[in-house]
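Undergrad: Each chain is listed here by its residues.
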Amino acid sequence: AQSVAQPEDQVNVAEGNPLTVKCTYSVSGNPYLFWYVQYPNRGLQFLLKYITGDNLVKGSYGFEAEFNKSQTSFHLKKPSALVSDSALYFCAVRDSYSGAGSYQLTFGKGTKLSVIP
Amino acid sequence: DSGVTQTPKHLITATGQRVTLRCSPRSGDLSVYWYQQSLDQGLQFLIHYYNGEERAKGNILERFSAQQFPDLHSELNLSSLELGDSALYFCASSETGGRTGELFFGEGSRLTVL
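Sequence order for the protein chains is A and B.
Counting from 1, one number per residue, gives the positions in the first sequence under our numbering.
Counting from 1, one number per residue, gives the positions in the second sequence under our numbering.
The set of hints was computed from the structure by calculation and includes no laboratory data.
Here the structure is a predicted model, which means the values were calculated and not measured.
Quick reminder that beta carbons are idealized off the backbone N, C-alpha and C, glycines included.
Selected chain A positions facing chain B (Cβ under 7 angstroms, derived; list incomplete):
no., residue
1, 34
2, 46
3, 107
Here chain A is said to cover these stretches of chain B; the calculated rule only asks that three of the stretch's residues, wherever they fall, bring their Cβ under 8 angstroms from a Cβ of chain A:
no., segment
4, 41-49
5, 94-108
If you want the ones that stay clear, here's a sample from chain B, every Cβ over 12 angstroms from chain A, calculated:
no., residue
6, 8
7, 13
8, 22
9, 70
10, 73
11, 83
With the rest of the complex left out, here is chain A (with noise of 0.2 angstroms):
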């Protein structure tokens, strides 16, 4: 079965500075990975996701993400954080086809970021 592990409960960054979530995953075939992010009494969000091609894939709000294949890895990344950045951040791996036209996402933990001023 598909999982991901999202290692930090909380991630405190500055304003300003390089944000990094990390996220691992453990997939039987190629991988489909995604994060979403969830604001404060919101739904989640989708940010970006990787299917095949770029190891870099870039996504909303100025959000990237780096596959790393041999290190299992999918991380989250953005050069420069923003406080309204602050939110629960997830980590997905979509399902193996589970037959009558069906994808699931398993979802990690989350993480918590938090920006500060």
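Chain A is already provided as a structure; the job is to place chain B on it using the hints.
TA: Same frame as chain A, but now just chain B:
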């Protein structure tokens, strides 16, 4: 705004009761997913419907059931509620069966069981 609407936003009820959560997907989306988010379990997949048909089940209790209606809205029914059912319940929709992995989430229904 994701285009996915969930009602009610908040719900407080007692143990043993039954509640119904409602979800209207984005216009044109045929898939509806239900997820449960709790502090200890994280985000857990419950069930997936596509164009009215159940397509996949995750960690959904037997006390819970769902359906998707011809107009594509979906309802999640939770019965014989227990304290541990207190959580945030999300609905998400997608155009296809989830192949792209891009889901559009509603703002959730927060259930408190007292």
